[in-house]
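Chains as they are written, first to last, in the working numbering: chain Y, 1 to 229; chain Z, 1 to 355.
These are computed hints drawn from the structure, not numbers from a lab. Please note that the accuracy of each hint is not assured.
[Unchecked claim] Okay, derived cross-link-like pairs now, PhoX-like style, lysine-lysine, Cα gap no bigger than 25 Å in a straight line:
1) Y:K74 x Y:K54
2) Y:K166 x Y:K201
3) Z:K324 x Y:K106
4) Z:K124 x Z:K79
5) Y:K101 x Y:K142
6) Y:K10 x Z:K84
7) Z:K138 x Z:K296
8) Z:K255 x Z:K241
9) Z:K324 x Y:K54
10) Y:K66 x Z:K324
11) Z:K150 x Z:K296
12) Z:K124 x Z:K241
13) Y:K74 x Z:K324
14) Z:K150 x Z:K228
15) Z:K183 x Z:K296
16) Z:K324 x Y:K77
17) Z:K84 x Z:K144
18) Y:K166 x Y:K77
19) Y:K101 x Z:K324
20) Y:K26 x Y:K142
21) Y:K10 x Y:K201
22) Y:K14 x Y:K77
23) Y:K65 x Z:K124
24) Y:K54 x Y:K65
25) Y:K142 x Z:K324
26) Y:K166 x Y:K106
27) Y:K218 x Y:K160
The lines below spell out each chain.
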Amino acid sequence: MLKVTGLRVKAEEKEILRGIDLEIKKGEIHALLGPNASGKTTLGLTIAGWPLYKVTAGEVFLEDKKITSLPPEKRAKLGLALCFQHPPVVRGLLLRRLLEKISPGKEMTIGKELLDREVNLDFSGGERKLSEIAQIIALEPKFVIFDELDSGLDLENLEKLTRLIKERLLENGRSVLLISHQAEIFRFLQPDFVHVMLQGKIIHTSSDFKTTWETIGKYGYEKCKNCPF
Amino acid sequence: MVMKNVKTAHFKQSEKQGSPERSEGGSYFWQEKQGSLERSEGGSYFWQDNNQIRGMASEEGSIMLPSAEAWGKFPWVKKYFRQKPKEGFFLWVKEPISSPLLTRICISSEKIFQNPRNLIFLAKNAQAEISSACWSTKESLTGKHQAVGKIVLEENSKLLIKEEQRWGEEDVVSVRRNFWIGKGAELSYFFRCLETPGELRTQNNLYLQAGAAVNLISTVFAGRGEVKMKVVILLNGEGAKGIWRSRMVSDQKAKISARSRMIANQAGTGHVDCSGLLLSDQSTIQLIPELLNKNKNASLTHEASVGRISEEVLNYLRTRRLTKDEATDLIITSFLGEEEPIIMENRKLKLESLM
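Could you put the whole structure together from the sequences, leaning on the hints where they help?
Here is the structure:
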């Protein structure tokens with residue numbers, strides 16, 4: 001479904017990603033863990049085609065189609081979607097209108113109160129995530145990146161949102177990359193594989209999330225470099 | 001009186017669902033069929049083309065007349081017009097009217113000088129909605145439209161004005177209005193100009209008595225020329241409330257200046273909210289909000305901002321499958337509070353479904 005090979009990325013002349021290799025097959029959920037500023041969000045945004053990041057080497061493929069130089073809208077049309085950690089406020093634009101633009105005539109998945117508000121203006125943490133997920137559902141993507149879905153959410157809201165994701169997004173073999181540095185979300189969305197990122201590189205990949213997380217908890221991310229699992 | 005066979009008029013109005021300008025339940029519209037422009041149903045309206053009155057009618061509960069005729073017929077009108085006006089309309093609303101009143105003033109020939117002097121008078125407890133439009137029928141008629149308006153709202157009356165202006169690039173337009181808002185009266189005034197002339201100057205002075213409320217919303221897209229707007233709101237009575245909200249976009253070499261002066265002489269509340277969006281390096285927007293509080297129990301606030309389209313917002317919308325142009329258009333129309341798309345093609349602003 002998604003393949004990243006030897007990806008190196010710069011932003012404002014500073015290299016952030018330093019050779020990323022990643023493959024996510026159809027229907028798989030992958031977790032991407034790492035400390036702050038390790039490059040997780042940059043990887044998510046680069047895959048989505050964020051123009052401010054410059055790819056200096058490597059390629060990104062979606063369903064075997066090279067998308068490395070495609071603009072974000074073309075990637076979205078091919079089935080790639082990004083759920084933002086900090087989505088921006090769009091002044092004057094009602095969420096209802098945005099959803100209608102994304103998917104005309106499609107049933108809205110959230111309540112009227114949120115639909116009739118300006119996108120992300122004075123949204124609470126939960127409302128922001130709900131708005132993002134509603135947009136992702138409207139996009140009907142094949143591959144979704146969730147960037148820190150759990151940030152700013154209490155457990156109750158996190159459970160509700162992950163239930164919505166399971167019901168509306170995880171059917172039909174959709175693939176997911178879940179970026180986080182907290183474990184709670186993985187109680188609700190169990191990953192098939194886990195990757196640990198540090199200083200712009202994936203330093204560890206495993207199918208054993210539990211052991212990986214316990215090791216990180218015990219020794220910290222740095223020790224993952226020498227993790228035997 | 002309805003004139004037919006008007007070849008130059010291309011103005012149309014239709015009801016739009018969901019927009020702030022929408023008329024709830026109204027069934028009035030102009031029809032353009034085989035060169036004729038006529039009112040499909042009854043109701044008060046006034047239509048001036050160049051310097052000629054083309055159509056006019058009064059509905060029960062209101063009197064619509066040419067200003068010149070009203071000046072001779074009603075002595076009290078002289079209080080508002082010292083000299084006999086040559087052009088423009090007089091509207092006297094005596095009771096609540098449910099259907100919208102229409103006023104249309106257009107320039108359809110070259111080098112016309114238009115000087116409409118309008119008086120709108122709402123009697124105590126009267127209510128009305130006015131749909132107003134001023135425009136030129138072609139891009140380069142080099143017309144001059146110099147309008148003066150006097151609007152009086154007596155005690156507890158309510159008036160909603162939805163005004164649309166659309167001009168050619170060589171036109172020069174000046175609009176000066178005074179509003180007297182009586183005790184407990186309410187004015188909602190939506191002004192929209194998405195095709196600015198070479199020069200547009202507007203000045204609105206609003207005098208509010210106790211308990212009066214004004215909500216003034218201005219929407220301007222300037223793709224050329226110079227726009228100077230000034231709003232003065234005087235809170236002259238206790239509990240008076242005044243709000244001016246403006247959204248302005250300037251493109252190419254357009255220059256916009258918006259000044260506001262909110263004065264609290266009594267314990268009222270006033271707020272000015274002005275935002276500008278620049279689309280080119282050659283365009284400018286200047287916002288000057290001024291608050292003058294003369295009463296310790298009054299509250300005056302303002303917020304003002306001028307900026308460019310945010311790259312972050314643009315790219316965010318692109319991840320939602322919108323092209324760069326679609327995302328830009330959505331940002332601009334949303335900022336202006338427009339529902340209909342504004343399509344920029346060959347650097348020339350085109351509007352779909354203007355009215």
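Hints the structure violates: just list their numbers, smallest first. Violated hints (numbers, rising): 2, 6, 7, 8, 11, 22, 23, 27; every other hint is consistent with the structure.
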